[in-house]
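*Asks:* Start from the sequences and build out the full structure, keeping to the hints where you can.
Each chain, letter by letter, is given below.
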Amino acid sequence: MASEAKLSHTAAMILQAMDAGFVYGFSIMEMTGLPSGTVYPAMRRLESDGMIRSQWEKQSIADAEQRPARKYYKLTAAGNSTLEASRKRYPLLERMIPSEEAKSL
Amino acid sequence: MKPAADRFFRIFHQCLLRGASLLVPGQQRAEWQQEWKAELWHVRKACAPSDAVPMKAEEEITAFCLGAFQDAFYLWRGSRKKGARLALMHGSAWCCLFWLAAMLTVSYIVANISAGVRAERHPEHYRVRPNLVLIQDARVMRDWAATIPVERYRSWKRMRQQYFDDFAFYRIQQETLSTSIDGGYVRAVGHVSANLFTLLELSAGSKDTGGDEPRLIVSHKSWIKDFSSNPNLINSMIRVEGRPVRVAGIAPEGAWRLPGTMDVWMLEPDTAIAPGAAGYVVAHLTPSGRSEMWNGRVRITVYDADGTDEDFWGISFAERTQGPWDIYLFTVMLGFLALPALTSVSIADYSFSPHRPSRTRNVIRWAFLFTKIFLVLAIAYFLSLDLTYLTSTEYSPGASCVQFFSSFFICLFGLRWAVLDQQQRCPVCLRRVTHPARVGLASRTFLAWNGTELMCTGGHTMLYVPGLPTSWFGTPRWVYLDSSWKFLFAE
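Quick note, the sequences are listed as chains B and X, same order.
Numbered continuously in the working numbering, the first sequence closes out at residue 133.
Numbered continuously in the working numbering, the second sequence closes out at residue 1954.
Derived from the structure by calculation, the hints contain no laboratory data.
Check before you lean on any hint, since a few could be wrong.
[As the list claims (entries may be wrong)] Here are the computed lysine-lysine pairs in the DSBU-like style, where the Cα-Cα straight-line distance is at most 35 Å: (1) X:K1620 to B:K99; (2) X:K1519 to B:K99; (3) B:K86 to B:K99; (4) X:K1508 to X:K1519; (5) X:K1684 to B:K102; (6) X:K1684 to B:K99; (7) X:K1500 to B:K86; (8) X:K1620 to X:K1684; (9) B:K116 to B:K99; (10) B:K102 to B:K116; (11) X:K1519 to X:K1500; (12) X:K1519 to B:K86; (13) B:K102 to X:K1620; (14) B:K86 to X:K1508; (15) B:K99 to X:K1500; (16) B:K86 to B:K102.
*Replies:* Okay, structure coming up:
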């Protein structure tokens, strides 16, 4: 896929971080070391390309923890397949951010 | 960290997010702000425990907030790419008024830069007394010519006159002007009778210097060019053709509008003006003389002692000294009068259906038209002044001619544009109708349903313009679109 081949290293890192369970913007920033000005626009682009989707967490959960509700991001099927292709392109990606399956092993 | 500093940084970070949110398109803004505020809460919480160096934590939070600008900019750029906002603005009434206001601003700024226009702002400097005429030989066809010798002026002044109650004389000669510092310059020197400026009621800045020497009034242009804007020039002595004269005043910029261009005016008693080339005679009309005035002129017959008679014209100065505002008002009137000859001025709302826009819509529509006309006329005024004083810094009959024609054509074609533009704006949303489509049957070109249809991009109306206007169907008509058309329009 042309779109998979064109995925930048930054976008691939963000997808990998999400796959590893970092589903909030700030947690992705912490994991990847990328600044907010890079992470958030990249996530908007990935969302508009259909690689990820966003959702607001339930207000009741946030209220219970006495914090504002957060928007979290998840990989879509298209995002998963693109990430698979990106891992081949960037072999160090998985070593930098081990995915949840790899961690459980 | 002190609570005051902590509070300051909290407000500062909120301000940063709020500032960045202004870049975000309106429909996304609320959600965007909610997400960033929630993230900021977590960032603050994450940074707070490690606040051994409190400023370091605030720097990190600030860096996080600054990233919001990049995110907001990304969304703003995305909205522009879609062109939604541009499409909304394209052809709108606001867009039209914005461009007119921009043109007006530019023409106003240019007008303010021009020295000539600055001088025009003070009509008290150049407006002369009413009922003044320039007397010239009737045999000379050209107006505003120097035709009267000083001897004849003196004889007129001695005689009791029926038409005039006062006279003044001036003549222009190229003479050498020299100061104690500089060498000499050859300049246009006006030898004028001492009462000239009093007769004209011009405020030439003249002061009674008290000495016996002739008084000299320096033009504003010469004061800048020859005397380097010397503020202490008044009362100083200079020489004109070797004769000592005392500077009595500096004329305001653009004050002299009578025939002939002079650098300085030398005020002399009538008897002191040397005979020589012909000059100009200015006279003030009595009520009897005013009654003889026709079309800005009065015919004068002078009978000499030997019984011979000679004809002269007294030509009114009113036209020369009326200033740009009077010329402009006249051209506006001409523009309105000539407009129906150029285009149909009907902006009535002809429609195929009984549907009519609300009264508020109609008021807005008329208000928009009047605003456009007001802006066009204001542009005409300033733009015509810009063109008039583009090359000339002083008033001249040529400059007033340029102003007359430029103002007239800008008014005429500006008004024409305003009316045509109004005719092609949707009565509901005031957007210009677009996407012209030819409709009708090729074989039925006469008295048939043949013409052009234009569509309002807001989906309110369609304008039908007949291909061949006839007596029964000569004007464009509006078709108000019902809700069944809505699916065609993205908005």
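*Asks:* Output the indices of the hints that this structure fails to meet, ascending.
*Replies:* 1, 5, 6 and 13
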